[in-house]
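What follows is the residue order along each chain.
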Amino acid sequence: MTIGKVQLMKSQKNASRFKETLLVLTLSALLSGCATSGNPKDPIEGFNRAMFAFNEGLDTVLIKPVAQGYDAVLPAPVRTGVTNFFGNIADLFIGVNNLLQGKPDQAFSDLGRVVINSTIGILGLFDVATEAGLEKHEEDFGQTFGRWGAGDGAYVVIPVFGPRTVRDTVGLVLDVATDPVANVSDVPTRNSLTALRLIDTRADLLPADKVIEEAALDKYAYVRDGYLQRRRNLIHDGNPPRELD
Amino acid sequence: MKYLLGLLAACLFSVAAMASDVAPDVLVKNVTSEVLDAVRKDKDIQNGNSRKTLELVETKILPHFNFQRMTQLALGREGRQATPDQMKVLVDEFRNLLVRTYSKALTEYRDQEIVFKPFRMAATDTDVRVRTEVKQSGGKPVQIDYYLEKANPGWKVYDIEVAGVSLVTNYRSSFTQEIQKGGIDGLIRSLQAKNKSGASSPAK
Numbered sequence: 504m505t506i507g508k509v510q511l512m513k514s515q516k517n518a519s520r521f522k523e524t525l526l527v528l529t530l531s532a533l534l535s536g537c538a539t540s541g542n543p544k545d546p547i548e549g550f551n552r553a554m555f556a557f558n559e560g561l562d563t564v565l566i567k568p569v570a571q572g573y574d575a576v577l578p579a580p581v582r583t584g585v586t587n588f589f590g591n592i593a594d595l596f597i598g599v600n601n602l603l604q605g606k607p608d609q610a611f612s613d614l615g616r617v618v619i620n621s622t623i624g625i626l627g628l629f630d631v632a633t634e635a636g637l638e639k640h641e642e643d644f645g646q647t648f649g650r651w652g653a654g655d656g657a658y659v660v661i662p663v664f665g666p667r668t669v670r671d672t673v674g675l676v677l678d679v680a681t682d683p684v685a686n687v688s689d690v691p692t693r694n695s696l697t698a699l700r701l702i703d704t705r706a707d708l709l710p711a712d713k714v715i716e717e718a719a720l721d722k723y724a725y726v727r728d729g730y731l732q733r734r735r736n737l738i739h740d741g742n743p744p745r746e747l748d
Numbered sequence: 213m214k215y216l217l218g219l220l221a222a223c224l225f226s227v228a229a230m231a232s233d234v235a236p237d238v239l240v241k242n243v244t245s246e247v248l249d250a251v252r253k254d255k256d257i258q259n260g261n262s263r264k265t266l267e268l269v270e271t272k273i274l275p276h277f278n279f280q281r282m283t284q285l286a287l288g289r290e291g292r293q294a295t296p297d298q299m300k301v302l303v304d305e306f307r308n309l310l311v312r313t314y315s316k317a318l319t320e321y322r323d324q325e326i327v328f329k330p331f332r333m334a335a336t337d338t339d340v341r342v343r344t345e346v347k348q349s350g351g352k353p354v355q356i357d358y359y360l361e362k363a364n365p366g367w368k369v370y371d372i373e374v375a376g377v378s379l380v381t382n383y384r385s386s387f388t389q390e391i392q393k394g395g396i397d398g399l400i401r402s403l404q405a406k407n408k409s410g411a412s413s414p415a416k
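As you go down the protein sequences, you meet chains Y and R in turn.
Going by our numbering, the first sequence opens with residue 504, and the numbers climb by one from there.
Going by our numbering, the second sequence opens with residue 213, and the numbers climb by one from there.
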């Protein structure tokens, strides 16, 4: 048997084990589906809690330790450079989304950021545009749909990607489809970039872990409600109508 | 002599009035810069001395908060069934939870630049929002909004939103869930257990 074959079999075995795990999780989620607390924004709470636990497990055994190592090994300026590099790539479609949301001035500013940071900022490693007064924005297709009037839909926890709503899940599909990194044709390069971005994003979130652990009575509910409030705020560009008590 | 006394009384009165009439945005600005200065100057706080941090929070920040209102806001509708005694315990425990959580986060913001957004209010307003932004390198600035209500004297903070997430109402569904499961006392027990677990864990 060649090494390639062994690896192939191994990966098939792993894949099937992964599928089994998913199946078991889905089943247990469906069975516990009746154990919801009746939150109208979260009709599939049982399933979501199972997915949340799955994501937490994945984070604990794999993503977080790697992010901690990354954070410990690389000096802060290098990490900022990596964050800036991916931020610059993201600015392109942030601009497109601003345009789709009818905010041409912001879209123009985003485009300006890409031009400045890609050139003077050396391929986006330095965020010179912010220093020059062009503020970074945060937009995605989910927000664009929200801006167009689409409601949240049910809250869903997606494997690996985490909290979303039905609307934001549709947005996510478009975000991934238009993601320059996901469209790199060379597979090893694409995979390395995707992994690096994931780890870098996770490393940036490490300080928040402690706060959430300290703050939350029920981490699942705390993250869910935080996500929903955050999205509402983003869709209204930081100025949502105040909800009644 | 009478005239002098009158003048003195007027002076005293105006000083007192000044202290209580600090505009809400000025109040937030003063407290923020005072606290950040204290953190920047104090090596012990920077190195995570929790006793000193707590002391700073207790003396400089907490007097400007209305924890009664915050607790009611976090409880929502379910809070109406709480007796005055239960409410007192809830306010204490919720206050401890918030203080414990966020005093540790205080030192993280010491080097960042805080920008105050333009503030407008009518003389008759009793409920206002003071908007600020924390600049961070390589990212969108983090929006921090303070909600204050007229308290006579002065103003009190009753909610803070970080990046649009209210540190208070984000508890509502967990609290509701606890109350539906074990009543107000059940929620009190959960809060007490949470606060104890945090206090006994070694400081990292």
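Mixed in with the good hints there might be a few duds.
[Said to hold, decoys possible] Calculated lysine-lysine pairs in the BS3-like style (CA-CA distance at most 27 Å, straight line):
1) K352/R / K713/Y
2) K406/R / K722/Y
3) K362/R / K393/R
4) K393/R / K272/R
5) K362/R / K713/Y
6) K253/R / K606/Y
7) K722/Y / K241/R
8) K264/R / K352/R
[Stated by the list, open to error] So the derived label-pair ranges between C-beta atoms look like this:
9) K347/R / P578/Y: 50 to 56 Å
10) K253/R / T704/Y: 33 to 39 Å
11) G605/Y / E361/R: 32 to 38 Å
12) P296/R / T697/Y: 42 to 48 Å
13) G541/Y / D397/R: 33 to 39 Å
14) G560/Y / S262/R: 46 to 52 Å
15) A657/Y / E361/R: 19 to 25 Å
[Said to hold, decoys possible] If you want a taste of the chain Y side facing chain R, the calculated C-beta under 8 Å gives, among others:
16) F555
17) E638
18) H640
19) A685
20) D689
21) P691
22) R693
23) R700
24) V714
25) N736
26) L737
Bear in mind the hints are in silico, worked out from the structure with no lab data behind them.
Cβ atoms here follow ideal geometry from the backbone N, Cα and C, with glycine treated the same way.
Comparing the hints with the structure gives:
1. A hinted pair counts as satisfied when its Cα atoms are at most 27 Å apart, and K352/R with K713/Y qualifies at roughly 22 Å.
2. Distance restraint check for K406/R and K722/Y: the Cα-Cα separation of roughly 12 Å lies within the 27 Å cut-off, and the hinted pair is therefore satisfied.
3. Restraint check: the Cα-Cα separation between K362/R and K393/R comes to about 36 Å, which exceeds 27 Å; the hinted pair is violated.
4. Taken as a hint, the K393/R and K272/R pair is broken in the structure, with Cα atoms around 37 Å apart against an allowance of 27 Å.
5. At roughly 33 Å between alpha-carbon atoms, K362/R and K713/Y are farther apart than 27 Å, so this suggested pair is violated.
6. A C-alpha spacing of about 43 Å is found between K253/R and K606/Y, which places the hinted pair above 27 Å, so the restraint is violated.
7. Of the supplied pair hints, the one linking K722/Y and K241/R is violated, its CA atoms being roughly 32 Å apart against a limit of 27 Å.
8. A threshold of 27 Å between alpha carbons decides the hint, and for K264/R with K352/R the separation of about 32 Å lies outside it, so the pair is violated.
9. Taking 50 to 56 Å as the suggested C-beta distance range, the pair K347/R and P578/Y does not conform, at roughly 21 Å.
10. Between K253/R and T704/Y the CB atoms are about 34 Å apart, so this pair conforms to the stated range of 33 to 39 Å.
11. A C-beta distance of roughly 35 Å is found between G605/Y and E361/R, which places it inside the suggested range of 32 to 38 Å.
12. For the pair P296/R and T697/Y, the beta carbons lie near 56 Å from each other, so the given range of 42 to 48 Å is not met.
13. Evaluation of the 33 to 39 Å hint for G541/Y and D397/R yields a failure: the beta carbon distance comes to about 21 Å.
14. Taken as a hint, the range 46 to 52 Å is violated for the pair G560/Y and S262/R, whose Cβ atoms sit roughly 31 Å apart.
15. Our hint of 19 to 25 Å for A657/Y and E361/R is violated, since their Cβ atoms are close to 35 Å apart.
16. Hint on F555/Y is violated. Least Cβ distance to chain R is approximately 14 Å, over the 8 Å limit.
17. Given hint, E638/Y at the interface with chain R, holds; its Cβ is 7 Å from that chain's nearest Cβ, closer than 8 Å.
18. Interface restraint check for H640/Y: the shortest CB-CB distance to chain R comes to about 6 Å, inside 8 Å, so the restraint holds.
19. Among the interface hints, the one on A685/Y is violated; its C-beta lies about 21 Å from the nearest C-beta in chain R, farther than the 8 Å criterion.
20. Nearest Cβ of chain R to the Cβ of D689/Y: about 26 Å, over the 8 Å cut. The hint is violated.
21. For P691/Y, the interface hint is violated, since its Cβ never comes within 8 Å of a Cβ in chain R; the closest pair sits about 26 Å apart.
22. For R693/Y, the suggested interface contact is broken, since its CB lies about 23 Å from the closest CB of chain R, more than 8 Å.
23. Evaluation of the R700/Y hint against chain R yields a violated restraint, the C-beta minimum of about 13 Å exceeding 8 Å.
24. The criterion of a C-beta within 8 Å of any C-beta in chain R is met by V714/Y, whose closest approach is roughly 5 Å, and the hint holds.
25. Because the smallest distance between the Cβ of N736/Y and any Cβ of chain R comes to about 2 Å, under 8 Å, the interface hint for this residue holds.
26. The beta carbon of L737/Y is positioned within 8 Å of a beta carbon in chain R (closest approach about 7 Å), and the interface hint is therefore held.
When the structure is compared with the earlier hints, violations turn up for hints 3, 4, 5, 6, 7, 8, 9, 12, 13, 14, 15, 16, 19, 20, 21, 22, 23 and for no others.
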